[in-house]
Amino acid sequence: MIAQRVLDTVDARRLMRLRALTQLLGEITVFAIALMLLSFARPGPSGLEDAAVQHGLD
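Here the sequence shown stands for residues 1052 to 1109, where the numbers follow my numbering.
No wet-lab data here; the hints were simulated from the structure. Virtual Cβ for every residue (Gly too), placed ideally from N, Cα, C. Treat the hints with care, as some may be off.
[Said to hold, decoys possible] Cβ pair distances, simulated, as ranges:
1) T1060 / L1089: 39 to 47 Å
2) I1053 / Q1074: 44 to 52 Å
3) L1058 / T1080: 29 to 37 Å
4) R1064 / M1087: 45 to 53 Å
5) S1090 / R1056: 26 to 34 Å
6) L1058 / F1091: 46 to 54 Å
7) R1064 / L1089: 34 to 42 Å
8) A1092 / R1065: 39 to 47 Å
9) L1089 / I1053: 48 to 56 Å
10) L1072 / A1092: 44 to 52 Å
11) A1092 / Q1055: 49 to 57 Å
Working from the sequences, and respecting the hints, build out all of it.
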């Protein structure tokens, strides 16, 4: 009986940690996608176009 309660408590803590980790990974993913979208949306030539112009490869 007591052992089962201890196991249930340990399982609950593991589940809480897993949920927190999953939420954190989701937030990091959303942040990374937002950064990618912002980098694509910036005005002006892209980095590849900048490099081509610098090397005279129009």
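Do the hints match the structure? See the list:
1. The given range of 39 to 47 Å is respected by T1060 and L1089, whose C-beta atoms sit roughly 44 Å from each other.
2. The hinted window of 44 to 52 Å between I1053 and Q1074 is violated, with their beta carbons roughly 32 Å apart.
3. Separated by about 32 Å at the C-beta atoms, L1058 and T1080 satisfy the suggested range of 29 to 37 Å.
4. Here the CB-CB span from R1064 to M1087 is close to 35 Å, at odds with the stated 45 to 53 Å.
5. Between S1090 and R1056 the beta carbon distance is about 51 Å. The supplied range of 26 to 34 Å is therefore violated.
6. For the pair L1058 and F1091, the beta carbons lie near 49 Å from each other, so the given range of 46 to 54 Å is met.
7. Restraint check, R1064 to L1089: a C-beta distance of roughly 37 Å satisfies the suggested window 34 to 42 Å.
8. Taken as a hint, the range 39 to 47 Å holds for the pair A1092 and R1065, whose Cβ atoms sit roughly 41 Å apart.
9. Checking the proposed 48 to 56 Å range against L1089 and I1053 shows it holds: the Cβ atoms sit about 54 Å from each other.
10. Checking the proposed 44 to 52 Å range against L1072 and A1092 shows it is violated: the Cβ atoms sit about 30 Å from each other.
11. With their beta carbons about 55 Å apart, A1092 and Q1055 fall inside the hinted range of 49 to 57 Å.
Going through the hint list in order, the structure does not satisfy hints 2, 4, 5, 10.
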